[in-house]
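Asker: Whole structure, please, built from the sequences with the hints as guidance.
Respectively, the protein sequence lines represent chains W and L. For the first sequence, the working numbering begins at 619 and goes up steadily by one. For the second sequence, the working numbering begins at 193 and goes up steadily by one.
It is possible that part of the hints are untrue.
As the list claims (entries may be wrong) - Taking lysine to aspartate or glutamate and the EDC-like style, the derived pairs with C-alpha atoms no more than 20 Å apart in a straight line are:
1) K921/W <-> D861/W
2) K386/L <-> E953/W
3) K717/W <-> D919/W
4) K386/L <-> E835/W
To be verified - Example chain W residues on the side facing chain L (calculated, C-beta under 10 Å, incomplete):
5) L685
6) I753
7) I763
It should be emphasised that the hints constitute simulated quantities derived from the structure, not laboratory data. Virtual Cβ for every residue (Gly too), placed ideally from N, Cα, C.
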Amino acid sequence: MNAPTIWIIAPIAFAMLLLFITNQRVLSILGGSFAVSLALIAQFAPIEEAMRIGAFSLKIDSSLNVLGRVLLIPPAEGSLLALIYGAAALWFFGAQASKTAPRIVPFGLMITGLMVASIAVEPFLFAALFIEMAILLAIPLLTSIYVPPGRGVVRFLIYQTLAMPFILLAGWLLAGVEASPGDLALAAQSAAMLGMGFAFLLAIFPLYNWVPLLMEEASPFIAGFLLWILPTITIIFGAGFLDRYSWLRSSPQLIIALRSVGLLMVVTGGLWAAFQRHLGRIMAYGAIAETGFSLLALSLDSKLGIPILFLLIPARALGLAVWSLSLTVIKENVETMRFAAVRGMLRITPMAGAGMVLAALSTSAFPLLAGFPARLALWESLARVSISGALWMGIGIIGLLTSVFRSLAVISMAEEYTTWELRESPTQIFMLGLGMIGLFVLGLFPQTLQYFFSNLPAMFEHLGR
Amino acid sequence: MALTLAWIAVVTILLTSVGLLVARDWRWSITLLAIQYIAMFVLALQHWPLGMASVKVVAGWMAAVILGMTRSGLSNGNLAEENIWPRGRLFRLFAAGIVVIIVAGVTPSVDTIMADAGFAVTTGSLLLVGMGLLHLGITAHILRVTIGLMTVLTGFEILYSTVEGSVLVAALLAVINLGLALVGSYLLIAASSKGAEPA
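Answerer: Here it is, written out as structure tokens:
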């Protein structure tokens, strides 16, 4: 038994079997339970250590050879796998409430398996190939074969596909820079290639126009899943580049570039969100700002930045899961998610309205919610190195908060004497309630995550040390 | 002999990629795409053994067949080209000319960066990347977008074959090409649907 088989091949194989099941509840329970099982095994079963179970002795090897290359999951990555599959379980359990289980559970599990493969493959720059395969699988997840695809889906496919050649070529050039560190021209070329690749993959300004389009066209729950898993794993993959190449890690220009791009994402995400009149587009800009926060964390001294980066991940996962589920429930009851159409929705879908507001507040660093502790630490650390950077981050957060209060005003703006007419199903109420409690728990007791995250920086050889 | 063949492949790539830009009949597009993969095979042979280079052409042809078979089964109604500027042949030829000039200008420096891959190989791959990007820039039509992406990837694969000889990478790139064709077919079928999902 080896780790890549358990956390890459088994989920993909299981997902293929799930393609034949159409029952929402069965799919949701099977997919969610499977993901939780994988998360628990990752957290508690040691890799490369013999375990005694009764009369049997079991050892999980860390590597698997495929066509002369290696898929490697070292013991230090156990907590990361637990985090990834644990967060994926959130979406799978919520799939029944969003009525998207036949698509998100099998395809989501396959995409999660491929994204884990992208972290595991050696040489690590081949990750771009696995990410591209995940992107291709995301298309049938996003669109139904019975509905003409919109511009957002096509742009998503184009932009994400264009990232792969840049990353692969950058990986090859970086090896050349390692061999001759004095070649500044080659270093600049490889950094430019790498920058372009990650700009496409992470939907960095101005290459993020597909995100709001996708949120308008596709199911918010499915788009939310992709807006969580793709940037999260890509940022970990990007941190891997920094960890491996010392000249890249120690380059002051890269730190400035990461900070500037992160701030640009936070500020544009926040300000654009403040002026939107569509609930889906507001979430899209919220997700863009989330990516900005992660980039800002990467730009800090790695001893501070890497723990903050890992602290941002569960908050992003839970926040986007609650936000996207809430929007899915709201979308079920209105023609579009434009402000004009969702006026007074709080009286029809109160839990979804509350979930949307709380999740958006969490993204906006509102105290007591999941996003607050990581953003506070980030803001404080950023202020130590750049006061102007901290001010710009504040402007972005004000923009996000403005969008939340505008949304709240619109959904609570019912005509006078309008009666309450609840249209949420018990499953939707239960899942949204659970998610909102989770947002408060992560906000009030962020130290509970410390147990899971204390070993995470060990997955990097140099970063966070 | 090998060099002559490589330059013939470059000329073929120029003709097919420009042809893909100006062709309005999907049958021509698919045929030109298939020919483009033969040219790619010749250029990949400069650095790869026959077996591995063959994977490229076989995967490419399969991708072309997938797209062709899907398109042949659909009516023209919902798949008509978008009626927006720029769509004139003259404009496309002009834009292709600019791409050719840019490629001619950057080929020597890219060739140096790519460990002296060979002028023919570098020119061919850059032509494909440039024409593919141009294609993506002037259309939102699903079949054309898919062909544009496949053209860009073909160009990249030629260039990457000069520095990477891994079997796993060749296999994964073949899977991605086939996957792209399948996704293109899926989107083509979706684009031709009336928008009513069966219960």
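Asker: Under 10 Å is the threshold here; is the Cβ of I753/W close enough to any Cβ of chain L for the hint to stand?
Answerer: holds, 9 Å
Asker: With chain L as the partner, please determine if I763/W meets the hint condition of a C-beta pair closer than 10 Å.
Answerer: Where the cut-off is 10 Å and the nearest Cβ of chain L is about 5 Å from I763/W, the hint holds.
Asker: Within 20 Å, alpha carbon to alpha carbon, are K386/L and E953/W?
Answerer: holds, 19 Å
Asker: Under the criterion of a CB-CB separation shorter than 10 Å, is L685/W in contact with chain L as hinted?
Answerer: It holds, given that the least Cβ distance between L685/W and chain L is near 4 Å, below 10 Å.
Asker: Could you grab the alpha-carbon distance between K386/L and E835/W and see if it respects the 20 Å cut-off?
Answerer: With Cα atoms ~16 Å apart, K386/L and E835/W stay inside 20 Å; holds.
Asker: Is the Cα-Cα distance between K921/W and D861/W 20 Å or less?
Answerer: holds, 12 Å
Asker: Next pair to validate is K717/W with D919/W; report whether the Cα-Cα distance is within 20 Å.
Answerer: violated, 43 Å
Going down the numbered hints, you'll see the structure goes against just number 3.
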